[in-house]
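Which chain is which? The protein sequence lines are A and B, in order. Residue 130, in numbering that gives the first Met the number 0, is where the first sequence stops; the numbers in between run on with no holes. Residue 158, in numbering that gives the first Met the number 0, is where the second sequence stops; the numbers in between run on with no holes.
None of these hints come from the bench; they were simulated from the model. The structure displayed is predicted, hence computed values, not measured ones. C-beta: ideal position from N, C-alpha, C; glycine also. Some clues are possibly wrong.
[What the hints assert, rightly or not] Label-pair ranges, simulated between beta-carbon atoms: (1) Arg125(B) <-> Lys2(A): 49 to 55 Å; (2) Asn52(A) <-> Glu101(B): 20 to 26 Å; (3) Val58(B) <-> Asp118(A): 37 to 43 Å; (4) Lys118(B) <-> Asn106(A): 22 to 28 Å.
[Unchecked claim] Heads up, simulated DSBU-like pairs for lysine-lysine below, C-alpha to C-alpha not over 30 Å straight-line: (5) Lys75(A) <-> Lys78(B); (6) Lys94(A) <-> Lys51(A); (7) Lys82(B) <-> Lys51(A); (8) Lys32(A) <-> Lys106(B); (9) Lys106(B) <-> Lys57(A); (10) Lys4(B) <-> Lys67(A); (11) Lys78(B) <-> Lys13(A); (12) Lys119(A) <-> Lys82(B); (13) Lys67(A) <-> Lys78(B); (14) Lys13(A) <-> Lys126(B); (15) Lys86(A) <-> Lys126(B); (16) Lys137(B) <-> Lys13(A); (17) Lys98(A) <-> Lys106(B); (18) Lys119(A) <-> Lys32(A); (19) Lys82(B) <-> Lys72(A); (20) Lys31(A) <-> Lys4(B); (21) Lys129(B) <-> Lys72(A).
Listed below, chain by chain, are the residues.
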Amino acid sequence: MSKVVVIPCSGMGKVYGLIAREAALKVVRELKKDEAETKCLAYLVTGDEEIKNYMQGKKCITIDGCPKMCAAKNAKEAGAEVIEELKSIEFAKEKRAMKPGTATNLNEEGWGVVDYIADKIVEIIDKMEVK
Amino acid sequence: MKETKVGIVSCSGEECLGGTISRLATRKVLEKLRMGETVTICLPLFIAGGEEERLFAKVFPTIAVDGCSKLCAMRATEKYSGKVNAVINVAEILGEEIALSELVSLKELPENYEEMVDKVANEICRKIDKIISDILTKEALEELESEGKSSGGCCCGSC
Ligand code: SF4
Ligand code: SF4
Chain A
0 MSKVVVIPCS
10 GMGKVYGLIA
20 REAALKVVRE
30 LKKDEAETKC
40 LAYLVTGDEE
50 IKNYMQGKKC
60 ITIDGCPKMC
70 AAKNAKEAGA
80 EVIEELKSIE
90 FAKEKRAMKP
100 GTATNLNEEG
110 WGVVDYIADK
120 IVEIIDKMEV
130 K
Chain B
0 MKETKVGIVS
10 CSGEECLGGT
20 ISRLATRKVL
30 EKLRMGETVT
40 ICLPLFIAGG
50 EEERLFAKVF
60 PTIAVDGCSK
70 LCAMRATEKY
80 SGKVNAVINV
90 AEILGEEIAL
100 SELVSLKELP
110 ENYEEMVDKV
120 ANEICRKIDK
130 IISDILTKEA
140 LEELESEGKS
150 SGGCCCGSC
């Protein structure tokens with residue numbers, strides 16, 4: 000099975016963008032190295048043929064920091080099959096972590112949300128593998 | 000003088016250290032070094048957002064900050080929004096090997112990462128200062144020219 004592409008929005012102005020980014024990185028660099036990877040979202044935005052060809056039909060999990068849903072929209076635009084559209088703010092609410100840090104750095108609460116989202120993504124990937 | 004803010008669009012790339020440094024340096028400029036003189040936008044909003052977001056580089060003189068020589072922030076901004084006034088390539092400042100390192104998370108950053116952020120942030124500030132000074136010079140020249148025209152004489156002030 001080809002790797003699942005995990006794409007965070009990495010929103011520049013919002014802590015929830017940074018949380019999305021760190022959660023994606025935790026999955027692709029620590030928890031699911033062999034099963035998941037990420038691609039630079041800004042590269043997808045350029046619309047280059049190379050990345051569009053790569054993303055064509057790829058199973059993709061997106062994590063967005065606000066209702067604009069940039070990662071999900073751009074991944075679809077690039078031709079990926081988005082199987083889950085996650086919202087980092089929803090997970091922060093579930094964890095009652097409403098002061099998770101800033102768009103530059105996370106505090107303990109923020110890293111807690113990162114771990115929580117990363118675990119959810121691992122669950123999603125594990126389910127896909129079973130199927 | 001009109002108040003001029005400079006727009007900074009960072010690639011914030013997720014695949015290499017250059018992307019993380021582009022993000023951290025941009026944040027440092029926005030929050031500390033040039034607070035109040037700068038604005039940013041989430042780059043993927045050029046596609047996910049509306050007309051207002053796509054006007055960004057037309058409304059603000061804009062600097063693209065890219066993590067590597069693919070220059071995604073510059074190319075995406077110019078494709079969807081408008082011409083940028085300057086480009087910063089982290090790989091040019093720190094070297095390809097460092098910029099393309101796979102240590103991307105804030106938890107994995109090399110010990111001397113703050114030095115790297117400072118180098119890039121200072122370069123962004125240099126570009127901001129140049130853009131603002133060019134705008135001020137242009138405005139001053141235009142003002143002198145219009146004063147000269149309205150008084151019907153030379154604008155040098157000494158004759
Ligand atoms: S989803 Fe929201 S926070 Fe994330 S990049 Fe888009 S506008 Fe920014
Ligand atoms: S410029 Fe390089 S680091 Fe930045 S988004 Fe593009 S490929 Fe990624």
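Quick rundown of the hints versus the structure:
1. Arg125(B) <-> Lys2(A): 49 to 55 Å: violated (40 Å)
2. Asn52(A) <-> Glu101(B): 20 to 26 Å: Given a distance of about 23 Å, which is inside 20 to 26 Å, the answer is holds.
3. Val58(B) <-> Asp118(A): 37 to 43 Å: With Cβ atoms ~41 Å apart, the hint holds.
4. Lys118(B) <-> Asn106(A): 22 to 28 Å: Given range 22 to 28 Å: holds, Cβ gap about 27 Å.
5. Lys75(A) <-> Lys78(B): holds (19 Å)
6. Lys94(A) <-> Lys51(A): violated (36 Å)
7. Lys82(B) <-> Lys51(A): holds (24 Å)
8. Lys32(A) <-> Lys106(B): holds (16 Å)
9. Lys106(B) <-> Lys57(A): Between Lys106(B) and Lys57(A) the Cα gap is close to 28 Å, so the pair holds against 30 Å.
10. Lys4(B) <-> Lys67(A): OK: Lys4(B) and Lys67(A) at ~24 Å, within 30 Å.
11. Lys78(B) <-> Lys13(A): It holds: about 24 Å lies between the C-alpha atoms, which stays within 30 Å.
12. Lys119(A) <-> Lys82(B): violated (40 Å)
13. Lys67(A) <-> Lys78(B): Given that 30 Å is the threshold and the Cα spacing comes to 20 Å, the pair holds.
14. Lys13(A) <-> Lys126(B): holds (25 Å)
15. Lys86(A) <-> Lys126(B): Violated, at about 35 Å.
16. Lys137(B) <-> Lys13(A): Violated, because 35 Å separates the two Cα atoms, which is more than 30 Å.
17. Lys98(A) <-> Lys106(B): Given that 30 Å is the threshold and the Cα spacing comes to 19 Å, the pair holds.
18. Lys119(A) <-> Lys32(A): Roughly 15 Å separates the two Cα atoms, so the pair holds.
19. Lys82(B) <-> Lys72(A): Holds, at roughly 24 Å.
20. Lys31(A) <-> Lys4(B): violated (42 Å)
21. Lys129(B) <-> Lys72(A): Roughly 36 Å between the alpha carbons, so the hint for Lys129(B) and Lys72(A) is violated.
Of the numbered hints listed earlier, those contradicted by the structure are 1, 6, 12, 15, 16, 20 and 21.
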